[in-house]
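Assemble the whole structure, with the sequences as input and the hints as a guide.
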Amino acid sequence: MNSEPINIENITPKELVIVNDETPVKDTELQLNLHRKLEKTESGYSFYLSASIYKESEKDAEKKSFFIKYSLETCLSCEGNGMPAEDIRKEASITLYPYIRAGISAAMGAIGIRPLILPPYEIN
Numbered sequence: 001m002n003s004e005p006i007n008i009e010n011i012t013p014k015e016l017v018i019v020n021d022e023t024p025v026k027d028t029e030l031q032l033n034l035h036r037k038l039e040k041t042e043s044g045y046s047f048y049l050s051a052s053i054y055k056e057s058e059k060d061a062e063k064k065s066f067f068i069k070y071s072l073e074t075c076l077s078c079e080g081n082g083m084p085a086e087d088i089r090k091e092a093s094i095t096l097y098p099y100i101r102a103g104i105s106a107a108m109g110a111i112g113i114r115p116l117i118l119p120p121y122e123i124n
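Just so you know, the numbering used here puts 111 at position 111 of the sequence shown, and the rest follows in order with no gaps.
Careful, some of the hints might be misleading.
As the list claims (entries may be wrong) - Within a straight-line C-alpha distance of at most 27 angstroms, the following computed DSS-like cross-link-like pairs (lysine-lysine) qualify:
1) K55 with K69
2) K37 with K64
3) K69 with K14
Because the hints were derived from the structure by calculation, they are not lab data.
Structural data, given as structure tokens:
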């Protein structure tokens with residue numbers, strides 16, 4: 001990974017969806033999917049990070065009995081011009097993921113569901 005820092009200009013919540021027809025019990029296996037999108041803009045980059053959580057048993061189901069989706073978008077810039085897009089994507093993911101974790105946990109707690117604590121972000 002490149003050592004040039006990225007600068008976050010702002011973080012904007014874009015989407016929050018909660019379907020809770022059947023709250024998962026303690027041992028229910030849940031699936032976490034992350035979607036990332038990076039676009040070049042005139043002043044830097046726009047980065048979108050979305051997390052979706054659902055029951056593993058409903059992976060292929062069209063309608064899920066438990067589903068959470070939380071999405072954030074940020075404008076960012078990089079010092080220098082040599083940072084590859086994949087490195088920017090990784091750095092932005094590392095920076096925004098704690099906000100995704102906190103947002104999902106807070107939203108669940110606010111509606112009376114035992115909050116999920118998402119695992120730490122791992123770089124692949």
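Each hint tested on the structure:
no., hint, in the structure
1, K55 with K69, "holds (13 angstroms)"
2, K37 with K64, "holds (25 angstroms)"
3, K69 with K14, "holds (10 angstroms)"
Hint compliance for this structure: no hint is broken.
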